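Colleague: Following the hints, put chain B in place on chain A, whose structure we already have.
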Amino acid sequence: MTTHNTAGVAKPDLTARQIRRMKRFDNPWRNPKLIWGAGLMLGIVTLGILGRLFWNTDLVFTGSAPLKLPPIGFENLRGQSGQAGFPLGTDGAGRDLLALIVIGAPNSLFVGLLASVIGMSIGIFLGFSAGFLGGRKDDTIRILSDVMITIPPLLILVVFQAAFGDVSLTLMAILIAAFMWQSPTRLIRAQVLSMRESGYVQMARLSGASTMHIMFREMMPNLVPYLFGSFIANVTTAIVTAVGLEVLGLGPQRIPTLGRIIYEAINSGALIQNLWWWWGLPTILLGLMFIGLLLINLGLDEVSNPRLRKL
Amino acid sequence: MTILDINNISIDFPTSKGVVHAVSNFSLSVPQGRRVGFIGESGSGKTTTALAAMRMLAAPGYVSEGEIHLHSLGDTNVLKLSDDEMRRVRLKKIAYIPQGAMNSLNPVMRIENQIWDGIVAHEGRVEQGELERRSRTVLESVGLPASVGQLYPHELSGGMKQRVCIAIGVCLKPDLLIADEPTSALDVITQRQVMQTLREVQETIGAGLILIGHDMGLMAQSVDDLAVMKLGKLVEYGTVRQIIEDPQHGYTRQLISSVPLVGGESFIKSAPAVLRGEAGPLLEFDRVTKRYGEITALHPLSFSLDGEQPKIISVVGQSGSGKSTMGSLMLGFTAPSEGRVTFRGKDINRLSTQDSLTFRKDVQAVFQDPYACFNPFYRVDHALSFPFKRFGLSKGSAHTRKAMEDACHAVGLDPTLVLRRYPHQLSGGQRQRLIVARALMLSPKLLIADEPVSMVDASLRATILKNIHDLKDKHGISILYITHDLATAYHVSDYVMVLYHGRVVEAGPPKEVIGAPQHPYTRLLIDSIPWPDLDRDWGSAEEAQKGLEALAEGKAADTVFRGDIPGFDLSVRA
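Protein chains in written order, with my numbering: chain A, -1 to 309; chain B, 3 to 576.
Everything labelled a hint here was simulated from the structure, so no lab data went into it.
From a predicted model like this one, the values you see are computed outputs, not experimental measurements.
In this text, a Cβ means the ideal position worked out from N, Cα and C, and glycines have one as well.
Among chain A residues calculated to face chain B with C-beta under 8 angstroms, some are:
no., residue
1, M201
2, E216
3, P219
The following block holds chain A by itself, in its conformation from the complex:
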């Protein structure tokens, strides 16, 4: 209520800057949050690509570098200063941290994206089936997803991963995806239920459209903003889950990932030995990744819901 009070009386002070900001909303996709978020994510991907091209990735192997070197411009407890050959320092097993990050960060992102793609695909399929077809199919899918939501994923995953031993990145993504489809299923089902009664779906039925046409040609395009939002949120959850498992020492044993680097740092007492770059750099990168995903999610929210756009 208070927002109306002053707005109704005084002429809003429209500076050139504000008008420019209003203009920005003429094209909702030119959203600053979206651009910053996408920029951050692209930065991480670029790091992976450029790193592979211009940096020696063999330095991820144990013993390929001196031990526990600090980043350039710092000294470690032994008084050694950083070397240009290993700009971000090295870890306790003689691996170059830059090479680890160049390989590990895209791996972590890959697990998140793949798990989310699989989870969303299952979710879209089940959500549409439940919402549009209704009846017993709806009951089955709904009960199944509700039951699955109550199961804590980490518990099951720990058991699974421990049983599998060394897993590949893809298998890990598939295992995580098995706990990733419930919330998109519910979200899409709810949207489809309300959309099913809308005028244009009725019109499509009158036009003799098939169920598949109605679901994927009429309804789906209108759900794209929701799907994107849900997808990005799922990527975040999947990365958190993957990193959580890796920090526990589960997950891929031979492939560098951000979680694995942190696990080894903790395991080798990096915290006590003040080897902050070992665990700190991957943590910062994970932080940037989450901030980027969050910004994309917020940006997409504003794109799909104009009421959230503020001057």
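Modeller: Chain B alone, transformed into the frame defined by chain A:
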């Protein structure tokens, strides 16, 4: 003595594409105890003006010039008050009765708590007993039993909710009430009761009333003075009698003539009908019953519509009378609980894939909401071309394009202005006409028109009804016209069925059924229509109540048959 003086105000909305002048140079005074109506189409600035007096304009709108004075505040300009001073003016001096009572009440609070809210906000702590006494009084003053205070909003009907909103509005006895289309979501019978309540309460507390609306008939029955607005300008102002009997401005004349009257000759000229030469029953209902759980939406109903001579059958009734259920049954969207719906001898709920496509092609519909009927993701062409191709009518894209353009011309639209656009770029009237054009392209045998004009601006209704009527006359399509509006049913239809609680209570040619109704329900419906005629009064609340009581006394189940027309056979068997 005037209560509210609006002096020469202009309201602007700055947008990125320049400033929109929503209202310009508007001046008006509301005298004490007088009812002033603001009438105009959507977008004419009537609500914006009223909201400016409450300082509730939506951002980024602002009053760029002019002054608003409330008599009880002396010389102070309302626009100069501080936020907290303004807060104390709202509800206490000016109360706002919103349009959608459905969404205006807090669903998790009891009604009486919502009334107390306003009292406590303005008077500080009040004794519990005093609060209870006042909410009882105010609920009784709007004709609701005091026990309603204990209920939650979802336990009330639409009309009751709207009355609760009125009760909240008048609980502090404000100087001015602003009612923004308070009855637009209600059917005619409830509308009459709510308007009568509003009028009586307003007279009791002696407040001024600004009634915002677009229906000239409702205005004629409810207000003393009328302000006609168009595109943010006041085009005419005077007493209702003066404006209705001697309108000066062309727009006012248009508004008055857009209200169809019952009686006299039809405003639609009937052209000789095109025979389709397909004898035999087109659509048949065989003791069709529809139940939703405990509730029977449609009692057993049988009729047979012959396909040889196209005709328009109207189904009339209040909301909840089962008329939309009937439409949905005919389209095969819902299956009947008992009985069979057959189209050309085939049960429409047991069709093979091939037959079902033919059935879809032969039975088309125009729905109530032209805004929802287009998929916002596609250009409007999609809605027209997709079924055309799907039913195998298209002989290539050039042919489809030609057919779309022809159909647009036939409903009076310029194809260059409407095709290749997105739905949100078109007005409601244009969209509804496009839907009619779509039906025309497919040339079905039967068209179900479910309230096709109820969401379109009044000035366009006649045109769209004419388009639909042309489908029958020029293209030989039989039409089932579902509506709550008896006046239009009177003009377009060949046969009328009045539905009440899922039963046909009166049926026959429109001149008999609507022109000289016999069933108490039909009579009540017709008495409740607000006439744009000052000498034909709406009557008082007691009369309306009496009408409802007469209905409740039974006899409602008997159908009054008022004559038959060839080609349509209605027989209601128990």
